[in-house]
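Novice: On the provided structure of chain A, position chains B and C as indicated by the hints.
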Amino acid sequence: MHQEFIYFLDLAGTLAFAISGIQTAADKKMDVFGAMMIGFITALGGGTVRDMLLGNQPVFWFHDLNYLAVVGIAVGIVYAFAGPVRRLKQTLFLFDTIGIGVFTVIGVTKGLDAGISAPYAVIMGMVSSVVGGATRDVLCNEIPLILRKEVYATACLFGGAVYVILHGYGLDEVLVSFVTMGVVIAIRLLSIKHHISLPRMRS
Amino acid sequence: MHQEFIYFLDLAGTLAFAISGIQTAADKKMDVFGAMMIGFITALGGGTVRDMLLGNQPVFWFHDLNYLAVVGIAVGIVYAFAGPVRRLKQTLFLFDTIGIGVFTVIGVTKGLDAGISAPYAVIMGMVSSVVGGATRDVLCNEIPLILRKEVYATACLFGGAVYVILHGYGLDEVLVSFVTMGVVIAIRLLSIKHHISLPRMRS
Amino acid sequence: MHQEFIYFLDLAGTLAFAISGIQTAADKKMDVFGAMMIGFITALGGGTVRDMLLGNQPVFWFHDLNYLAVVGIAVGIVYAFAGPVRRLKQTLFLFDTIGIGVFTVIGVTKGLDAGISAPYAVIMGMVSSVVGGATRDVLCNEIPLILRKEVYATACLFGGAVYVILHGYGLDEVLVSFVTMGVVIAIRLLSIKHHISLPRMRS
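Chains as they are written, first to last, in the UniProt record's numbering: chain A, 1 to 203; chain B, 1 to 203; chain C, 1 to 203.
Chain A extracted, bound-state conformation (with noise of 0.2 Å):
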């Protein structure tokens, strides 16, 4: 039951990363093919890159068909309803704030898994969550966002460290696990309320 309703939040978060990735190529006027390819690479490319990088798993998505069909319906819903999607903005930020939430989890926990050391898990979750979006940048001759203004990775970083020092303290996964995604969530959402960001460095 807990598995499953993580598993459905991240499928959610899954759609709304898909769906930001679309408009990005939406707005530089590429196809239907480069609009999919961007939705598939900014949703599912933390994840990829984290897989790739513990090396102990194959890729999560290989055998589970779900994603790919969730990046099919967010090109199937940007094409037909751009107009009104974009709209939908303060819907999308809660999936995708929500989805940077369960990423985090999920990195977090198969770190741990891994075996590596605990700070590095808390970063695996953060890559979870944040190369996807940057790839997108790249891939559209971008600097990354996330690379300039955003609490985002910083909320996935805090969120992580919990994670890491509840379980450490013997405590319910599942609890620890809705926690943390409280705290991704709290943060990411007082950061903007309240127009906090991190110092600048200074050149």
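Source of the hints: derived by calculation from the structure; they are not laboratory data. In this text, a Cβ means the ideal position worked out from N, Cα and C, and glycines have one as well. One thing to keep in mind: the hints can contain errors.
What the hints assert, rightly or not - Between beta-carbon pairs, the in silico distance windows are:
{"no.": "1", "chain 1": "A", "residue 1": "Gly72", "chain 2": "B", "residue 2": "Ile192", "range": "23 to 31 Å"}
{"no.": "2", "chain 1": "C", "residue 1": "Ala82", "chain 2": "B", "residue 2": "Lys193", "range": "57 to 65 Å"}
{"no.": "3", "chain 1": "C", "residue 1": "Ile192", "chain 2": "B", "residue 2": "Ala80", "range": "23 to 31 Å"}
{"no.": "4", "chain 1": "B", "residue 1": "Pro119", "chain 2": "C", "residue 2": "Ile192", "range": "34 to 42 Å"}
Stated by the list, open to error - Examples of chain C residues toward chain B, derived with CB under 8 Å:
{"no.": "5", "residue": "Met52"}
{"no.": "6", "residue": "Gly55"}
{"no.": "7", "residue": "Leu112"}
{"no.": "8", "residue": "Ile116"}
{"no.": "9", "residue": "Glu142"}
{"no.": "10", "residue": "Pro144"}
{"no.": "11", "residue": "Leu147"}
{"no.": "12", "residue": "Ala153"}
{"no.": "13", "residue": "His194"}
{"no.": "14", "residue": "His195"}
{"no.": "15", "residue": "Leu198"}
{"no.": "16", "residue": "Pro199"}
{"no.": "17", "residue": "Arg200"}
{"no.": "18", "residue": "Arg202"}
Specialist: The following block gives chains B and C in isolation, referenced to the frame of chain A:
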């Protein structure tokens, strides 16, 4: 005999891809080393990423120096005969088209052998054909051509689907391989001749 | 003892690479997190890609927090002493040059240990030294410097070839390591002093 013929076509495709990469490098005024590197990545990048994704065996060129030699030959050819090579555009286009046909067959076969879901095996065929050129474009600071207007990738996907379907009916592997290559090549040639392209996304 | 010395040089090179990445991030007005990420990728990206390509063991930093600490220290240094660090250009250049020497030795060794063909082991040495900086440039939306005018990569290739040849004659590994580093460092220094560069491709 059949394996050797596929291997020969693979090297011919590698040569065409390497030359296209090296010409791009020359346009960007890179030095000989940069050109060699871009040629290598353009020609071998797709198969390399495919093998890293599948992760069940070493990267295909690790024990075969012919691939390195082909890239070296390509650098020599472009360096010595820059002008004449440009005029061979049609021949290179033919080699390149044969190349994506072979790369598709090799990618789909490896995907099926690794036991991943059939649609993802089809995607592995496309990855083999497409990722090298896309990486070349990213390194040269351009939006990958393939994301903007090519039927290229679509031809690979169609060909890969044909492979999976015919293979599923238990047809002879050699026959299926050549039919697949024929489909890829035909779609690409016809789409160029008749200016067929995929619909654009609306922004 | 010898292993520890190599490891110490490896960390020194990591520090120099991280600082160069973080300075680039500061020039692009990134925040502290973006700088940390670019520093991490610049310093550890080459070895990471090498290990993912070789695929026969975990990525080298997965169980060693010193690498993460070094990148953190680099962020702190550049943040606190931006001006003075810029003036240490010569020292950083020296560290950086020692860095590519060590990275080359580690890469070639790992390649040979994995049993790949010797020329590809040499390429693994170059990948270790070069891919981090190239990824930094791609993320910062520039054509990798290395593809345009550096003898950098060539020094790594020469050094790697020396390693493979001397190692083939059965010479002591420690000796061969230091000769290799010497060759890499000498080529880089001499090429800069005498403004030697590779011939450009003609377009």
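Novice: With reference to the structure, classify each hint as holding or not holding.
Specialist: To see whether the hints hold, each was checked on the structure:
no.: 1; hint: Gly72(A) <-> Ile192(B): 23 to 31 Å; verdict: holds (26 Å)
no.: 2; hint: Ala82(C) <-> Lys193(B): 57 to 65 Å; verdict: holds (58 Å)
no.: 3; hint: Ile192(C) <-> Ala80(B): 23 to 31 Å; verdict: holds (29 Å)
no.: 4; hint: Pro119(B) <-> Ile192(C): 34 to 42 Å; verdict: violated (52 Å)
no.: 5; hint: Met52; verdict: holds (6 Å)
no.: 6; hint: Gly55; verdict: holds (7 Å)
no.: 7; hint: Leu112; verdict: violated (12 Å)
no.: 8; hint: Ile116; verdict: holds (4 Å)
no.: 9; hint: Glu142; verdict: holds (7 Å)
no.: 10; hint: Pro144; verdict: holds (6 Å)
no.: 11; hint: Leu147; verdict: holds (4 Å)
no.: 12; hint: Ala153; verdict: holds (6 Å)
no.: 13; hint: His194; verdict: violated (16 Å)
no.: 14; hint: His195; verdict: violated (13 Å)
no.: 15; hint: Leu198; verdict: holds (4 Å)
no.: 16; hint: Pro199; verdict: holds (6 Å)
no.: 17; hint: Arg200; verdict: holds (5 Å)
no.: 18; hint: Arg202; verdict: holds (5 Å)
Hints 4, 7, 13, 14 from the earlier list are contradicted by this structure; the remaining hints agree with it.
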